[in-house]
Amino acid sequence: MTQHFGDQLEGFRRQLVAMGADVEQQIRLAVEAVVEADAVKARQVISGDAAIDHQEVKNEEDGILLLATQQPVAVDLRLIVAALRINSDLERIADHAVNIAECAERMSEKRPFKPWIDVPMMADVARGMLKDSLDAFVRRDTALALEVCRRDDILDEKNKSLIRELLTYMAENPSLISYCIEIMSVSKNLERVGDLATNICEGTIYFVQGRMIKHAFGPKHQEETP
Amino acid sequence: MTAKRTFRHLAGPLVLGLALGAGAALLLGRALDGAVRERTRQGLASMLESFEDDLKNGFPPAPAMHEWVRVAARQSRARVTLIDPTGVVLADSDVDAARLSTLENHLGRPEVVAARASQTGFAERRSASVVKPLLYVARRLGPPESPLGYVRIAVPVSSLDAEEAPFRAVLTRTAMGSGLLVALLVFVIRRRHAIELDRIREGIARAADGRRPDPFPGGTEEGQAVFVALTRFADLVKAQKEGSETARVLARTVFDEVPAGLVVVDRSLAILDVNAAALRLFGFPSVPPTGALVDLVRDTPALALFAAGASRPTGESPGTCIVRIGRTGVERSLELAVRPVPHGERPGEPAVVGVVRDVTERERTDELRRRFVADVSHELRTPIASIRAAVETLASAEEFPQELSRFLEILERQSADMEALVSDLTDLSQIAAGTVALEIAAEPLASILADVVGGLEAAAKARGVEVLADVPPALVVRGDARRLSQVFRNLVDNAIKYSPRSSRVEVRAERDGRGSVLVRVVDRGVGIAAADHEKIFQRFYRVDPSRSKTTPGTGLGLAIVKHLLVLHEGAIHVDSAPGKGSTFTVTLPEADPSATQEVS
Chain A
1 MTQHFGDQLE GFRRQLVAMG ADVEQQIRLA VEAVVEADAV KARQVISGDA AIDHQEVKNE
61 EDGILLLATQ QPVAVDLRLI VAALRINSDL ERIADHAVNI AECAERMSEK RPFKPWIDVP
121 MMADVARGML KDSLDAFVRR DTALALEVCR RDDILDEKNK SLIRELLTYM AENPSLISYC
181 IEIMSVSKNL ERVGDLATNI CEGTIYFVQG RMIKHAFGPK HQEETP
Chain B
1 MTAKRTFRHL AGPLVLGLAL GAGAALLLGR ALDGAVRERT RQGLASMLES FEDDLKNGFP
61 PAPAMHEWVR VAARQSRARV TLIDPTGVVL ADSDVDAARL STLENHLGRP EVVAARASQT
121 GFAERRSASV VKPLLYVARR LGPPESPLGY VRIAVPVSSL DAEEAPFRAV LTRTAMGSGL
181 LVALLVFVIR RRHAIELDRI REGIARAADG RRPDPFPGGT EEGQAVFVAL TRFADLVKAQ
241 KEGSETARVL ARTVFDEVPA GLVVVDRSLA ILDVNAAALR LFGFPSVPPT GALVDLVRDT
301 PALALFAAGA SRPTGESPGT CIVRIGRTGV ERSLELAVRP VPHGERPGEP AVVGVVRDVT
361 ERERTDELRR RFVADVSHEL RTPIASIRAA VETLASAEEF PQELSRFLEI LERQSADMEA
421 LVSDLTDLSQ IAAGTVALEI AAEPLASILA DVVGGLEAAA KARGVEVLAD VPPALVVRGD
481 ARRLSQVFRN LVDNAIKYSP RSSRVEVRAE RDGRGSVLVR VVDRGVGIAA ADHEKIFQRF
541 YRVDPSRSKT TPGTGLGLAI VKHLLVLHEG AIHVDSAPGK GSTFTVTLPE ADPSATQEVS
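Chains as they are written, first to last, in the working numbering: chain A, 1 to 226; chain B, 1 to 600.
For the record, the hints were derived by calculation from the structure and aren't laboratory data. Fair warning: there could be bad hints in the mix.
[Unchecked claim] Examples of chain A residues toward chain B, derived with CB under 8 angstroms: (1) 6; (2) 10; (3) 14; (4) 21; (5) 22; (6) 24; (7) 25; (8) 50; (9) 110; (10) 114; (11) 134; (12) 144.
[As the list claims (entries may be wrong)] A few chain A positions that, by computed beta-carbon distances, are all more than 12 angstroms from chain B: (13) 7; (14) 19; (15) 26; (16) 48; (17) 69; (18) 71; (19) 74; (20) 77; (21) 109; (22) 135; (23) 137; (24) 160; (25) 164; (26) 180; (27) 209; (28) 212.
[Stated by the list, open to error] With the C-beta cut set under 7 angstroms, the calculated list includes, among others, these residues of chain A facing chain B: (29) 18; (30) 46; (31) 138.
Small disclaimer: the values here were computed from a predicted structure and weren't measured. Even glycine gets a Cβ: it sits at the ideal position worked out from N, Cα and C.
The shape of chain A in the complex, shown without the other chains (with noise of 0.2 angstroms):
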């Protein structure tokens, strides 16, 4: 029974880190849609999520039965508990990694007046936040959750320079208007998938230290050290 509720467990976990995988690529797609301007790749992207969301109602089915019918406690609880607030954080990503798609898609038909260089360096940063935000869940490394946490104030400063940036150019040429806040919309929602890898780190933290950490960022992380 034992074995029995240890497999579960683990393929329950194994989903969820595949669909991880699945977001993950959404994501990439998105940015290069973004930067490639590639309709196609957009279409992709918007075309892929409805699997993701059907993940992600497994996912908490198979979370939730397991809840209620194996009763864990402990390590387990907390990785049950976790894994489902990971799970939903994950199809908010992917909803996200589809808003940029859209974005992609209509910006397609334009050529970018200014050359590419805050979206994939924030790209960048939130791939790279997502990638190890899994990385730390798998590896159960609360170092690098608290690390990635940390790198989320990154995304919100380019976020807030490239909206003045991109404002002071609206002023100027306002037949770049629409245009501009197609690349704010993509800015918006890359600094929002940060913010949902940090919150994939808390869930790590509190399944492997048992600690909650939400609403405690700022000076206090700079203790957290394991």
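Starting from the structure of chain A, add chain B where the hints point.
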């Protein structure tokens, strides 16, 4: 040997020995009994014979008769009885004369019945008159038809038993002693065998481990033979173990040290083994604690490939894919090839081996090369076209000095070659980039080949080469007519270029009977060495670099031919040897002939 085993080995023989002893004692006792009785009977019978002499004239009168009986009884130390022919007891040494009348008639006594018939009769029974077991011997007096009477003698059986007793004791002791001796002997033999079997068992255990058995000193001859055999077996096992250990260490070393990453998983995609290179390539410091493949290779297409491999118990490869890891700019491309190994249903059994190589550099180089070729051919096209136009204009100018027209010819020829090269390069880069769109239709082969041969007639004539085409008009292939013309123009042009003067180039076509059409271009030219057969289809490969100056060509023709045929789902093959000429065989899918009318 334990006490318990000793007891077990002893108990059996002991029971057997005692049983044997008891049985022997019983049998010997019976024999002794029989012998003593027989001897007593004989003694009594001969005594009766001596009495017969006294009585041959009939029984004496009553008082003397009683006296005779007592004397005879004393002499023979037995009971003596005289019986008249009618069975009436006349005198008895153990019965008073007064009580004789109370005795039963003795004519029916078994010994008397037997004596009447055959002179002497024996019986052993309980006496009715003296009430104890007696051994009787009776003898008839006189002839059988008119007996004078019977004389009978009897001894108590107890006296016989007393006589036997000392013998019987000796017999019993001897029998039991022999039984015990047998038991001891069996025990000793059994124990010796048990010890030898123990040694053999230990020897087998050691030999299975590859160690020689301890010698069996004092063992049987068979035991020694077993020892020799076991020693040889141990040596064999040892050699085998050392061999497999070497193989294991070798395999492990190769697995650990090979620069390609290797991941071995079972059918549930749990990692069974992974080498350092794979961990490095996937950016993991160590095997993920869960041992799940998904933790190591978090990439959807790669996982799908592994799953496909795991579901193929036959070991058929599902192919390869590219996994990109890391961030933009520092991203690396890993080529993952999945090789299933034949496996069963059990978890923990190797099912799939993933081979991972870092192909970042290769992809980067390929991309650079593609871009370079595409850019160069694009950038050269316009200036060459301008040069050619200028040369043509110059050539047609009337006032052009005649003595300079030689330079004009050089310009024309070289620019034509350059145009051909650029055109080939453009084709090749388009094919490599996958941007060549074929217009596939059912095309009559004969007309394509006739156009090609017709187009090259001038070139052939210039070299004095005859081109013969033998193509059945009914042959129809599936393909793009323009591209197929390009393929055959290349092949026939090559054949002409490499043919000696006044030789012949043949173009033949036929069905292969398996839904394909074979087109052969045969020349009797210089031929190609077997080592070059594959290389001639590579870009810029020239068989004989020294000839590249005398024989024009870009070295791209056959590469383009091969790529175009692959796009047509066809193939090309060469048969050739130096000095023997060459035969290029092109395979193309045949189209349904009835479809031609509609398409063309």
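Now the hints, each set against the structure:
1. 6: Hint on residue 6 (chain A): violated, closest Cβ of chain B at ~11 angstroms, above 8 angstroms.
2. 10: Where the cut-off is 8 angstroms and the nearest Cβ of chain B is about 7 angstroms from residue 10 (chain A), the hint holds.
3. 14: 5 angstroms, holds
4. 21: 4 angstroms, holds
5. 22: 5 angstroms, holds
6. 24: 7 angstroms, holds
7. 25: 5 angstroms, holds
8. 50: The hint is violated - residue 50 (chain A) has no Cβ within 8 angstroms of chain B, the shortest such distance being about 15 angstroms.
9. 110: Where the cut-off is 8 angstroms and the nearest Cβ of chain B is about 22 angstroms from residue 110 (chain A), the hint is violated.
10. 114: 18 angstroms, violated
11. 134: Check passed: Cβ of residue 134 (chain A) comes within 6 angstroms of chain B, closer than 8 angstroms.
12. 144: Check failed: Cβ of residue 144 (chain A) comes no nearer than 11 angstroms to chain B, outside 8 angstroms.
13. 7: Non-interface label on residue 7 (chain A) violated, nearest chain B Cβ at 9 angstroms vs cutoff 12 angstroms.
14. 19: About 9 angstroms separates residue 19 (chain A) from the closest Cβ of chain B, which leaves it inside 12 angstroms; violated.
15. 26: 9 angstroms, violated
16. 48: 10 angstroms, violated
17. 69: 22 angstroms, holds
18. 71: The claim stands: residue 71 (chain A) keeps its Cβ more than 12 angstroms from every Cβ of chain B (closest is about 22 angstroms).
19. 74: 17 angstroms, holds
20. 77: 18 angstroms, holds
21. 109: Check passes; 22 angstroms lies beyond 12 angstroms.
22. 135: Its Cβ does come within 12 angstroms of chain B, the nearest being 8 angstroms, so this is violated.
23. 137: 9 angstroms, violated
24. 160: Its Cβ never comes within 12 angstroms of chain B, the nearest being 22 angstroms, so this holds.
25. 164: For residue 164 (chain A), whose nearest Cβ neighbour in chain B is about 24 angstroms away, the distance exceeds 12 angstroms, so it holds.
26. 180: Correct as stated: the minimum Cβ-Cβ distance to chain B is 23 angstroms, above 12 angstroms.
27. 209: For residue 209 (chain A), whose nearest Cβ neighbour in chain B is about 16 angstroms away, the distance exceeds 12 angstroms, so it holds.
28. 212: 23 angstroms, holds
29. 18: 5 angstroms, holds
30. 46: 17 angstroms, violated
31. 138: 4 angstroms, holds
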